[in-house]
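There are 2 protein chains.
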Amino acid sequence: MSGTTVAALPAEQGDGGEAPGSGAPVVLAVDLGGTAMKGAVVAEGGAVVAELTRPTPGGDILGALVTLFHDLREVAGVAEREVVGAGVATPGMLDEQRGIVHYASNLDWRDVPLLDILQGELDLPVAVGHDVRAAGLAERTFGAAQGSDDFVLVPIGTGVAAALVTAGGTITGATGAAGEFGHIPVVAGGEPCTCGQRGCLEVYMSGAGVARRYREAGGSALSTRRIVARLGSDPLADRIWGDAVDVLAQGLTILTLLLDPKVVVLGGGVSHAGDALFAPLERAVTAGLAWRERPAIVASGLGGDAGRTGAGLLAFTAAR
Amino acid sequence: MSGTTVAALPAEQGDGGEAPGSGAPVVLAVDLGGTAMKGAVVAEGGAVVAELTRPTPGGDILGALVTLFHDLREVAGVAEREVVGAGVATPGMLDEQRGIVHYASNLDWRDVPLLDILQGELDLPVAVGHDVRAAGLAERTFGAAQGSDDFVLVPIGTGVAAALVTAGGTITGATGAAGEFGHIPVVAGGEPCTCGQRGCLEVYMSGAGVARRYREAGGSALSTRRIVARLGSDPLADRIWGDAVDVLAQGLTILTLLLDPKVVVLGGGVSHAGDALFAPLERAVTAGLAWRERPAIVASGLGGDAGRTGAGLLAFTAAR
Chain A
1 MSGTTVAALP
11 AEQGDGGEAP
21 GSGAPVVLAV
31 DLGGTAMKGA
41 VVAEGGAVVA
51 ELTRPTPGGD
61 ILGALVTLFH
71 DLREVAGVAE
81 REVVGAGVAT
91 PGMLDEQRGI
101 VHYASNLDWR
111 DVPLLDILQG
121 ELDLPVAVGH
131 DVRAAGLAER
141 TFGAAQGSDD
151 FVLVPIGTGV
161 AAALVTAGGT
171 ITGATGAAGE
181 FGHIPVVAGG
191 EPCTCGQRGC
201 LEVYMSGAGV
211 ARRYREAGGS
221 ALSTRRIVAR
231 LGSDPLADRI
241 WGDAVDVLAQ
251 GLTILTLLLD
261 PKVVVLGGGV
271 SHAGDALFAP
281 LERAVTAGLA
291 WRERPAIVAS
301 GLGGDAGRTG
311 AGLLAFTAAR
Chain B
1 MSGTTVAALP
11 AEQGDGGEAP
21 GSGAPVVLAV
31 DLGGTAMKGA
41 VVAEGGAVVA
51 ELTRPTPGGD
61 ILGALVTLFH
71 DLREVAGVAE
81 REVVGAGVAT
91 PGMLDEQRGI
101 VHYASNLDWR
111 DVPLLDILQG
121 ELDLPVAVGH
131 DVRAAGLAER
141 TFGAAQGSDD
151 FVLVPIGTGV
161 AAALVTAGGT
171 ITGATGAAGE
181 FGHIPVVAGG
191 EPCTCGQRGC
201 LEVYMSGAGV
211 ARRYREAGGS
221 ALSTRRIVAR
231 LGSDPLADRI
241 WGDAVDVLAQ
251 GLTILTLLLD
261 PKVVVLGGGV
271 SHAGDALFAP
281 LERAVTAGLA
291 WRERPAIVAS
301 GLGGDAGRTG
311 AGLLAFTAAR
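Same order as they appear, the protein sequences are chains A and B.
If you're matching positions, the first sequence starts at 1 in UniProt numbering and goes up one per residue.
If you're matching positions, the second sequence starts at 1 in UniProt numbering and goes up one per residue.
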């Protein structure tokens, strides 16, 4: 076993409520990202029995993922838990039913039959889910969107994505590519995006976007977190952050008019900006929705664990 | 009976295929609009047995609607058909399950319990549906989106709306207000809309919007159809129409990135512009979707009858 980070946690953490060491069934869950593979042994109800997080390697990601799952199973064995399934949340365009990742740019994957590979390796029921949609499922089950059939989860990190939930189902679209909220064009002929388009939302509102625009406008090379810390005393920070909030407000106004969600859940690093984000954002979305009420706008209840928790939920569903 | 327009049609019209005068069950269907009430006696399979269209009165709309339904029933009786249900497609914000129209500005209705009223008057199973969503159902069953589980229908008339269909279900939202595509803000701080917001899509691309912008820019008071007819010989018409197509392309790019539809169906009067609309629109949407394929963009197969046909489909569902 070669875990980079291992944390054995008391089983009463989370909403599970089962007794520690009770041997209640668990699943192995991994949130596979471009930077880190966040793994955990999870009991039904969301209780985390143990965590195991490793950096995503530059080379053989699939091999590293399989090794992580085997090591998670070993951890579950040490904890004397029966493993009933495994779930992985991945980025990219995928066929969730068949468990095939058609394209994931930050993993450099094309047409990887992930479900078949993991099922062969683990001999367990396996579920493959989209990372943001899995996080949405977790927010709905345990987090800030609990009990809501109509909500959107918008993680704002380096880039921006969205899980769009309507009538209790997550929108996947005809080719599994729904939810590209970060790339909706909000400024016609605007600044260029890495995606090849112009004026995308995440050009203006994302960790990478705010930092780049601040630097290109003559500011220092600061992180978005540090730029937010300068609000009120740095006019350039005020301006760049103001643009970001305005563009996000425009995007959330569009989402509200199209999908009519009850709740908008903001996640990702940028959502930790607190009042500097939520106060002006709420004002701008209210102003943009002249003739209807705005949905509640709240911070994620699960933060960076949402994808992994969602993978665990999918695994329990596959095990049934 | 006081029908303004009565047309008894051969029963073999439509996709039904049942023998004329066979007595196969029918439903009464009305598309209730701000200008006209389009009624029909419809057989399963969509065959129209008879049509009855009247102007929507300025005063007692509900009374006129009830009268229209009674007259449609009389027409069905003349045709010796058993009536098994009734369906009405209405604009506005509504609770389709309970059949309550919460708000419809062009009918001046607030909290009208339409289903209960019609059921009491007609003693039939009744369905109440949203006009644009009912039209989407009709396009999916008989029209341009046949067999598609993921598509959008965008009727472009005086204003603009949308039926958003994902995984076979039409998005209604938390308060029944989903699909307000005409009011998504596409130009930050743009021209004012009648809704109280600025820069809405339909300010630039709609029958009313194109005509207003052409006139305000110094052109004559022409209809959008006549403005389109001047393309190529009238630089002002070229510019205003170019703006309209660009804004619609931006809106359809947003819809595609969020919902990933297989097909975009354009309806309403403006969709009859043909190549003047579709050719530049397809180019602009393709350009706006740099890294993914664009959905097919097609004209409605049912035109102005889609709402009424959808009301008929809902009525047959209620009758089961």
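It is worth saying that the hints were derived from the structure and are not from the lab.
Hints may be right or wrong, so weigh each one.
[Stated by the list, open to error] List of simulated lysine to aspartate or glutamate pairs, DMTMM-like, C-alpha gap at most 25 Å: (1) A/262 x B/293; (2) A/262 x A/149; (3) A/262 x A/234; (4) A/262 x B/96; (5) A/262 x A/275; (6) B/262 x A/95; (7) A/262 x A/216; (8) B/262 x B/275; (9) B/262 x B/216; (10) A/262 x A/238; (11) B/262 x B/149; (12) B/262 x A/96; (13) A/262 x B/95; (14) B/262 x B/282; (15) B/262 x B/246; (16) B/262 x A/111.
[Said to hold, decoys possible] To give an idea of the chain A side of the interface with chain B (calculated C-beta under 7 Å), a few residues: (17) 63; (18) 239; (19) 250.
[Unchecked claim] Some residues of chain A that are not near chain B, with every Cβ distance over 12 Å (derived): (20) 179; (21) 254; (22) 283.
These numbers were taken from a predicted model, which means no experiment stands behind them.
We put the beta carbon where it would ideally sit given N, CA and C, even for glycine.
Outcome of the hint check:
| no. | hint | result |
| --- | --- | --- |
| 1 | A/262 x B/293 | violated, 31 Å |
| 2 | A/262 x A/149 | holds, 8 Å |
| 3 | A/262 x A/234 | violated, 35 Å |
| 4 | A/262 x B/96 | holds, 18 Å |
| 5 | A/262 x A/275 | holds, 21 Å |
| 6 | B/262 x A/95 | holds, 15 Å |
| 7 | A/262 x A/216 | violated, 37 Å |
| 8 | B/262 x B/275 | holds, 21 Å |
| 9 | B/262 x B/216 | violated, 37 Å |
| 10 | A/262 x A/238 | violated, 30 Å |
| 11 | B/262 x B/149 | holds, 8 Å |
| 12 | B/262 x A/96 | holds, 18 Å |
| 13 | A/262 x B/95 | holds, 15 Å |
| 14 | B/262 x B/282 | holds, 14 Å |
| 15 | B/262 x B/246 | holds, 21 Å |
| 16 | B/262 x A/111 | holds, 21 Å |
| 17 | 63 | violated, 28 Å |
| 18 | 239 | violated, 15 Å |
| 19 | 250 | holds, 5 Å |
| 20 | 179 | violated, 7 Å |
| 21 | 254 | violated, 5 Å |
| 22 | 283 | holds, 15 Å |
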